[in-house]
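Number of protein chains: 2
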Amino acid sequence: MASQRITLDTFHYKWNKAHKPALTIRPGDDVTFEINEVTSGQIKEDSKVDAVKNLDISKLYPMAGPVYIEGARPGDTLTVEVLEVVTGDWGWSAIVNGLGLLEEFQEPYLYLWNLRKKHFAEFERGIRIPIRPFCGTMGVALPEEGSFEVLPPGKNGGNMDIRHLVAGSILELPVFVDGALFSTSDLHAAMGDGEVCVTAIECPGTARFKFGVKKDSKLSWPRYFSKGDEKAKKGYYTATGIGPDLMTVTKDSVRNMIAHLTKTYGLTKEDAYVLCSVAADVKIHEIVDQPNWVVGTTIPLDIFPN
Amino acid sequence: MASQRITLDTFHYKWNKAHKPALTIRPGDDVTFEINEVTSGQIKEDSKVDAVKNLDISKLYPMAGPVYIEGARPGDTLTVEVLEVVTGDWGWSAIVNGLGLLEEFQEPYLYLWNLRKKHFAEFERGIRIPIRPFCGTMGVALPEEGSFEVLPPGKNGGNMDIRHLVAGSILELPVFVDGALFSTSDLHAAMGDGEVCVTAIECPGTARFKFGVKKDSKLSWPRYFSKGDEKAKKGYYTATGIGPDLMTVTKDSVRNMIAHLTKTYGLTKEDAYVLCSVAADVKIHEIVDQPNWVVGTTIPLDIFPN
Chain A
1 MASQRITLDT FHYKWNKAHK PALTIRPGDD VTFEINEVTS GQIKEDSKVD AVKNLDISKL
61 YPMAGPVYIE GARPGDTLTV EVLEVVTGDW GWSAIVNGLG LLEEFQEPYL YLWNLRKKHF
121 AEFERGIRIP IRPFCGTMGV ALPEEGSFEV LPPGKNGGNM DIRHLVAGSI LELPVFVDGA
181 LFSTSDLHAA MGDGEVCVTA IECPGTARFK FGVKKDSKLS WPRYFSKGDE KAKKGYYTAT
241 GIGPDLMTVT KDSVRNMIAH LTKTYGLTKE DAYVLCSVAA DVKIHEIVDQ PNWVVGTTIP
301 LDIFPN
Chain B
1001 MASQRITLDT FHYKWNKAHK PALTIRPGDD VTFEINEVTS GQIKEDSKVD AVKNLDISKL
1061 YPMAGPVYIE GARPGDTLTV EVLEVVTGDW GWSAIVNGLG LLEEFQEPYL YLWNLRKKHF
1121 AEFERGIRIP IRPFCGTMGV ALPEEGSFEV LPPGKNGGNM DIRHLVAGSI LELPVFVDGA
1181 LFSTSDLHAA MGDGEVCVTA IECPGTARFK FGVKKDSKLS WPRYFSKGDE KAKKGYYTAT
1241 GIGPDLMTVT KDSVRNMIAH LTKTYGLTKE DAYVLCSVAA DVKIHEIVDQ PNWVVGTTIP
1301 LDIFPN
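Chains as they are written, first to last, in the numbering used here: chain A, 1 to 306; chain B, 1001 to 1306.
Honestly, the hints are just simulated from the structure, not real lab data.
SDA-like mimics (lysine to any residue), calculated; alpha carbons at most 20 Å apart, straight line:
#	chain 1	residue 1	chain 2	residue 2
1	A	Lys17	A	Ser58
2	A	Lys251	B	Pro1291
3	B	Lys1214	B	Glu1070
4	A	Lys234	B	Lys1227
5	A	Lys155	B	Pro1291
6	B	Lys1227	A	Gly235
7	B	Lys1215	B	Asp1029
8	A	Lys263	B	Thr1077
9	A	Lys251	B	Thr1248
10	A	Lys17	A	Arg73
11	B	Lys1251	A	Met247
12	A	Lys215	B	Thr1264
13	A	Lys234	B	Thr1079
14	A	Lys218	B	Thr1262
15	A	Lys234	B	Glu1081
16	A	Lys234	B	Leu1083
17	A	Lys227	B	Lys1233
18	B	Lys1155	A	Pro291
19	B	Lys1269	A	Ser220
Work out the full structure: start from the sequences and follow the hints.
So, in structure tokens, the structure goes:
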């Protein structure tokens, strides 16, 4: 079993099975990926909101990789065990015009985080977000010819933004090309299920993964194992949305949580939206009591002072 | 502070602000509700699947109540603190033709549970579901004239099927009529977020709630506080669905979990569907990476033997 490393200067944009491997490894090997933040350095620790307005989207998602795993063949399953994810010294969150769940947030907004206290990140008004780092993008090359955008996730995994893929988790991905060609990007210090404002706590850092191959598993969808989470000794507060359209209901539950956060904690609505994105989880409470579904946006009370 | 009781013979069907109160209490009082199972006794511990086929739907949701809370006025918020929920000796789950998330399950199916071991319910193949009882229906009278069905939840709460409303939780509901007129029904021994097959572990039992009134809160949507949950020391397994339509993606993630459960644990597909409904949680992992959303159906591994 060997340990190898992909350094910050080795990355690619877009999924493309023609990308030359940055590294070839054997099953059982582990790889440390040095990962730039998701804008390839366009946003810096001292950036102003103009950096969000002027983003060059062709430089989003610099992906460390690809890694060629020997013996992986189309139809196999690639297992990716998350051994460690380490955040850099700072991070950012933003509201980006035209993205995010809620269309009423049109003005670009940038929030910068200090991540030097490794266990939590301080927000406004004494709010502390526990650091639970993971990679938002973990995927393999697609079988089709050509280049494919990273933003939407797909059958190859990719930019799934699953906050549960922290250290101790194991992701399983279908393999479509020889060697699988695994890449990763979009390191997050913390995020809530939903990532509602379109960013987590985005940051640079490193991730160490151990790879394995299951033969002929014919997996058609990503799946994962994750450990339990203990981020809420004080309990949770949940805002619901109730109605017949699942997307509308989800938006309503987030809007109701934003209203609660602004009223209860004196946050601006932009900060409340960012807080939902980095700390609140979106759950489907029921999807069978026709014609109305219930979605809950849940925030752990441990993040608030007192 | 008084403790009062509503017995099994006091119930009503449908929401209707004209229902005469079964009990009048003061804020701070607690009430124990004796609750029949959701079919009003049409399904019994020795029932066969015919009982599901022949259900008289006019006798679904026998609601204990209504309780008139003195001082509650339209525009106030009713607080309902869940002090205790106790299950009876048995329960049932079913696949009911035309209901449930997945349209490919058309054949009625009935599963009966023994709940005499108070901490867990045994399923097939050594699987044990932790008992986490709550009331699927908790609501207040609507402001409109007339009778309204219980099945769909709404602005008055009602049949929200929120599995987190176990003992220790506090539900907040908007008040629409003098006295609020609170009722409850649909006691569940266990359920997963989503309740995907349309039933939880349905059972008779009792629930004890303490009521309070917040003046002039102008709450427009139900919200709740809940305690943390520790049901997964062994961790979780999650099946994803990924694509552009939120409902389709949710169905896909449940289908993928059913495929996993049948293959890994040798369950029939009907039992796997029921297991998802009573033990797996449906979460929105991301809803911003346009145009594809990721939904995960997550099952705690503690329920499986070994």
